[in-house]
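If you're matching positions, the sequence shown starts at 1 in the numbering used here and goes up one per residue.
Don't read these hints as lab results, they were simulated from the structure. Wrong hints could be hidden among the right ones.
Said to hold, decoys possible - Label-pair distances were calculated between CB atoms; the ranges are:
1) Ile130 to Leu154: 15 to 23 Å
2) Ser50 to Thr71: 54 to 62 Å
3) Arg23 to Pro44: 54 to 62 Å
4) Lys107 to Ala84: 53 to 61 Å
5) Phe93 to Leu119: 35 to 43 Å
6) Pro5 to Val43: 16 to 24 Å
7) Arg58 to Glu38: 26 to 34 Å
8) Lys74 to Ala53: 41 to 49 Å
9) Ile151 to Pro131: 25 to 33 Å
10) Val80 to Asp109: 50 to 58 Å
11) Glu18 to Met59: 57 to 65 Å
12) Phe48 to Tyr16: 40 to 48 Å
13) Lys107 to Leu86: 36 to 44 Å
14) Ala53 to Met28: 17 to 25 Å
Built from N, CA and C at the ideal position, the CB exists for glycine as well.
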Amino acid sequence: MKKKPENSGFKVPENYFESLEARLKARMEDPVENIPGESGFAVPEGYFESFDARLKSRMPQTEPKVIRLETYRKYWVSAVSVAAILLLTFTLFIPTDDELSFDDLAKGDIEAYFEGKDLELDEYEIAQVIPVDELEVHELLEENIDREELIDYLDDSMEDIDDLNFSIDE
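Sequences and hints are given; from them, build the entire structure.
Set out below in structure tokens:
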């Protein structure tokens, strides 16, 4: 390690800091005397009025160089139009074999449709439309109805359970 120098290079007169406080108090007792009357800076008359004209005369009068920026609008328009044409081509002219039928619809969707529409048909009008003569009892009974589905249906559609008219033998 290097040794620290004993001298920092700065010298202060002897007893400088002991008499500093007394000297400051003496200067502050009469502050008006310590403030100079003028700022020390002088400006010629009319300097700032003619400053703008003198500055403009010293500036070079060359035209600034204009750099044209390329607009990519024509490229964007052509790219968007090509994309739109391709999209329309693929969506409109590609044949699809997906034809919807009643088998594709869920029974719940059909029921919701008829319940949502106010058809104002009662049971008698529906019975007139459905060909009852062509229906066979075994066609109605071929489909197995789950007991839970039947109970849920009766809970939803029956207001009074006593309307069922069945006896419980338990």
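A quick look at each hint next to the structure:
no.: 1; hint: Ile130 to Leu154: 15 to 23 Å; in the structure: holds (22 Å)
no.: 2; hint: Ser50 to Thr71: 54 to 62 Å; in the structure: violated (45 Å)
no.: 3; hint: Arg23 to Pro44: 54 to 62 Å; in the structure: violated (39 Å)
no.: 4; hint: Lys107 to Ala84: 53 to 61 Å; in the structure: violated (41 Å)
no.: 5; hint: Phe93 to Leu119: 35 to 43 Å; in the structure: holds (39 Å)
no.: 6; hint: Pro5 to Val43: 16 to 24 Å; in the structure: violated (48 Å)
no.: 7; hint: Arg58 to Glu38: 26 to 34 Å; in the structure: holds (30 Å)
no.: 8; hint: Lys74 to Ala53: 41 to 49 Å; in the structure: holds (47 Å)
no.: 9; hint: Ile151 to Pro131: 25 to 33 Å; in the structure: holds (30 Å)
no.: 10; hint: Val80 to Asp109: 50 to 58 Å; in the structure: violated (39 Å)
no.: 11; hint: Glu18 to Met59: 57 to 65 Å; in the structure: holds (59 Å)
no.: 12; hint: Phe48 to Tyr16: 40 to 48 Å; in the structure: holds (44 Å)
no.: 13; hint: Lys107 to Leu86: 36 to 44 Å; in the structure: holds (40 Å)
no.: 14; hint: Ala53 to Met28: 17 to 25 Å; in the structure: violated (47 Å)
In summary, the structure is inconsistent with hints 2, 3, 4, 6, 10 and 14 from the numbered list given earlier, while agreeing with the others.
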